[in-house]
Amino acid sequence: MTEAMKTGAIKVRGVHRRFQLGDQTVHALNDINLDITQGEYISVMGPSGSGKSTLLNMLGLLDVPDEGEYWLAGEDTVPMSEEARAGYRRDHIGFVFQSYHLVPRLSARENMELPMVLAGIPPAERRKRLAPVIQRLGLTERADHKPEQLSGGQRQRVAIGRAIIMQAPLLLADEPTGNLDTHSGADVVELLEELNAQGVTLMVVTHDMALGQRAKRRLRMVDGAIVSDDTFAISSSEEPAL
Amino acid sequence: MIRLQDHFTFTLRSLTRTRFRTTMQLVAMAIGVLAVVLLTGIGEGGRRFVMAEFASLGNDVLVMLPGRKETTGGLPPLTGEGTRDITLEDAQSLMRISDVERIAPIVVGTSRLSISGLSRDSLVLGTTQDFFSIRDLAFSQGQAFTTREGSRSRSECILGATLRDELFGPKRALGQWINVADYRCRVTGVLTDSGTGFGFDMSNALILPVDNAMQIFNTEGLFRVMIQIENIDAVPAMTTAVEQQMKLRHDGQLDITIVTPDSLLSAFNNVLLIMTFAVAGIAAISLLVAGVLIMNMTLIGVAQRRAEIGLLKALGASSKEVRLLFITEATLLATSGAVLGMLIAEFILWGLRFKFPEVPFATPLWASVSAIGVSAIAGILFSWIPAQKAAKLPPVLALQAQAGK
Ligand SMILES: Nc1ncnc2c1ncn2[C@@H]1O[C@H](COP(=O)(O)OP(=O)(O)O)[C@@H](O)[C@H]1O
Ligand SMILES: [Mg+2]
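Sequence order for the protein chains is A and B.
Mapping to the numbering used here: the first sequence position 211 is 211, numbers consecutive.
Convert by adding 242 to the 1-based position in the second sequence; the result is the number in the numbering used here.
Just so you know, the hints here were simulated from the structure itself, not pulled from any lab data.
A portion of the hints provided could be inaccurate.
[To be verified] Among chain A residues calculated to face chain B with C-beta under 7 Å, some are:
| no. | residue |
| --- | --- |
| 1 | N57 |
| 2 | Y100 |
| 3 | H101 |
[Stated by the list, open to error] Pairs of lysine-lysine residues, derived as DSSO-like cross-links and limited to a Cα-Cα distance of at most 30 Å, are as follows:
| no. | chain 1 | residue 1 | chain 2 | residue 2 |
| --- | --- | --- | --- | --- |
| 4 | A | K146 | B | K489 |
| 5 | A | K11 | B | K489 |
| 6 | A | K11 | B | K634 |
| 7 | A | K128 | A | K146 |
| 8 | B | K631 | A | K146 |
| 9 | A | K146 | B | K634 |
| 10 | B | K562 | B | K489 |
| 11 | A | K128 | B | K562 |
| 12 | A | K11 | A | K216 |
| 13 | B | K634 | B | K562 |
Quick reminder that beta carbons are idealized off the backbone N, C-alpha and C, glycines included.
Construct all of the structure, not just a fragment, from the sequences and the given hints.
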């Protein structure tokens, strides 16, 4: 447990999540068991409706399992109060959504600043942290634009900036390139992988085979269960040796 | 924990950068308060106007009319059909009662006035010197009757302001002779334009010494006697004293009626009560309309921002912080809307008072307070309840609110 705390590792045991749709129960997560060590690069693939987003939301503490344990930084988060989970979301997790979820009335800079504002970080410190991130995302000229004035790729880069500004050790991305053209999609992937190379745990849900196969560790989900979990010594374009 | 200054910056940004929504909510709030403050202000003005009409009679004045009528409900007799006249001697005898300060006997009629070819019908009022003090009438020119106590009245008369203008225009009125039927009198005074007091429109009247007027109308009986007493608290005792005196003089018959300011007011009490209820009803309906208007605007606003609540939570805000942000925003919006509406209403009321100086348009304090209270509470409550609900949801569900749209 002490070790887990240091590395910010993840341990999932026997997790279930069911949704009630009318008189039908959807078993969106069916007995999930998972161990992730700090710095891994994991892709999650599978047919639509197989529970990929539900898994990611659960790992991101946006949703709570009906059953099972989810250990994060050395503590089981399932019995925690919602307030305590909010603190974990803020300090440990960065989330990138398919549809960006930016606040439309705030500028790119203010959107990226938002997690620091919510964390109560003083303005001077916020500026100091923002400057290098904005530069690295290539948003220097667009920092004071509203989301509606930005392209899809730029918006997703703002969302990534927001996800990493608190220096969270875990970065979760749910189809981050789903709304982007090939070129800006590649841009975003490159950025995420760069962050992973610096030690951030990266988990990406995707429909895109090519993107999924860039990860060393590849999960495949069907009907709420993880049906395969393979780790490949050689990353990137190499085909998995089945 | 979010810093206080950031808390307000965030709130202000959300108000100033979504202008349409903010404006609509502000307008809803302002209209609500405006309606209440304005309508009750007008209603209350009307009510006070009626009250003032009665008050102009004076609190310390009893009015004696010929004829007996029990004034238990309904209006006191306005035209007395006495079995026996109240004579001038009867009226003068009342001065012997201690505590009676002044009396003014009154006869009233209409008569044809003429001066050098010009003629018109006018209200003619016969009374004595004290009438002007009792009714607080002032003179813009000349003075009241010059007749000395006890002697026969001189042929003099006093004109109301409007009547003076109609008869003489720009010419001098003082000292001119007027024919009143087949009687002549000289103008010795002109009243200031004091509007309409209770009963008669003094600005259209010609006032004569009472004995002269009785001759013109060929009557022995008085229309009314106004009795001003020294001590307001003595009204019931004085009423009895005057009744006793009149009974003595009229062979043991009580054939007069005394109208006190209180009995007059209580007779009109029903009317005033209905007006008060009407004002309260207007206020209640306006408040209800305001509340619904505010509720609709606020609910739309919160529904649009459910996804934002989810996002803030996903980024690490606690439910408590999210609620606090929305309450601050709703409170700021509600209070500024209410104050705006109140200012506009007061401005319009000010304009109305300017235009119609005789009606005291003013909003009763309870109406302003409840208007601001209800709209602020409505604004805060209707944004707080949905925000509270959204804040309770797991962030993923709140986030999906937008995806579903
Ligand atoms: N909030 C919800 N309410 C009801 N059913 C849901 C909800 N979220 C997901 N589901 C259901 O759970 C299943 C898994 O959904 P999801 O995780 O979004 O799949 P994926 O991301 O793999 O396409 C689907 O059948 C979906 O309809
Ligand atoms: Mg999905």
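Q) Is the hinted pair K146 (chain A) and K634 (chain B) satisfied, with a Cα-Cα distance of at most 30 Å? A) holds (29 Å)
Q. Are the Cα atoms of K128 (chain A) and K562 (chain B) separated by 30 Å or less?
A. This hinted pair holds, its Cα atoms lying about 28 Å apart.
**Q.** Evaluation of the interface hint that places N57 (chain A) against chain B, nearest CB under 7 Å
**A.** holds (5 Å)
(Q) Check whether the Cα positions of K634 (chain B) and K562 (chain B) lie no farther apart than 30 Å. (A) At roughly 9 Å apart (the allowed maximum being 30 Å), K562 (chain B) and K634 (chain B) satisfy the hint.
Q.
Does Y100 (chain A) hold up as a contact with chain B if the rule is Cβ-Cβ below 7 Å?
A. Check failed: Cβ of Y100 (chain A) comes no nearer than 10 Å to chain B, outside 7 Å.
(Q) Hint H101 (chain A) vs chain B: min CB-CB distance below 7 Å? (A) With a closest approach of 5 Å, the H101 (chain A) hint holds.
Q. Is K11 (chain A) within 30 Å of K634 (chain B), Cα to Cα?
A. holds (27 Å)
Q. Straight-line Cα separation of K11 (chain A) and K489 (chain B) no greater than 30 Å?
A. violated (110 Å)
(Q) So if I understand the rule, the pair passes when the alpha-carbon distance is 30 Å or less; does K562 (chain B) with K489 (chain B) pass? (A) At roughly 82 Å apart (the allowed maximum being 30 Å), K489 (chain B) and K562 (chain B) break the hint.
Q | Straight-line alpha-carbon gap K128 (chain A) to K146 (chain A), limit 30 Å | A | Roughly 21 Å separates the two Cα atoms, so the pair holds.
Q: Below or equal to 30 Å on CA atoms is what counts here, so check K146 (chain A) against K489 (chain B).
A: Answer violated: K146 (chain A) to K489 (chain B) is near 94 Å, above 30 Å.
Q: Assess, step by step, whether the Cα of K11 (chain A) is no farther than 30 Å from the Cα of K216 (chain A), and give holds or violated.
A: holds (19 Å)
This entry does not satisfy hints 2, 4, 5, 10, going by the numbered hints stated previously.
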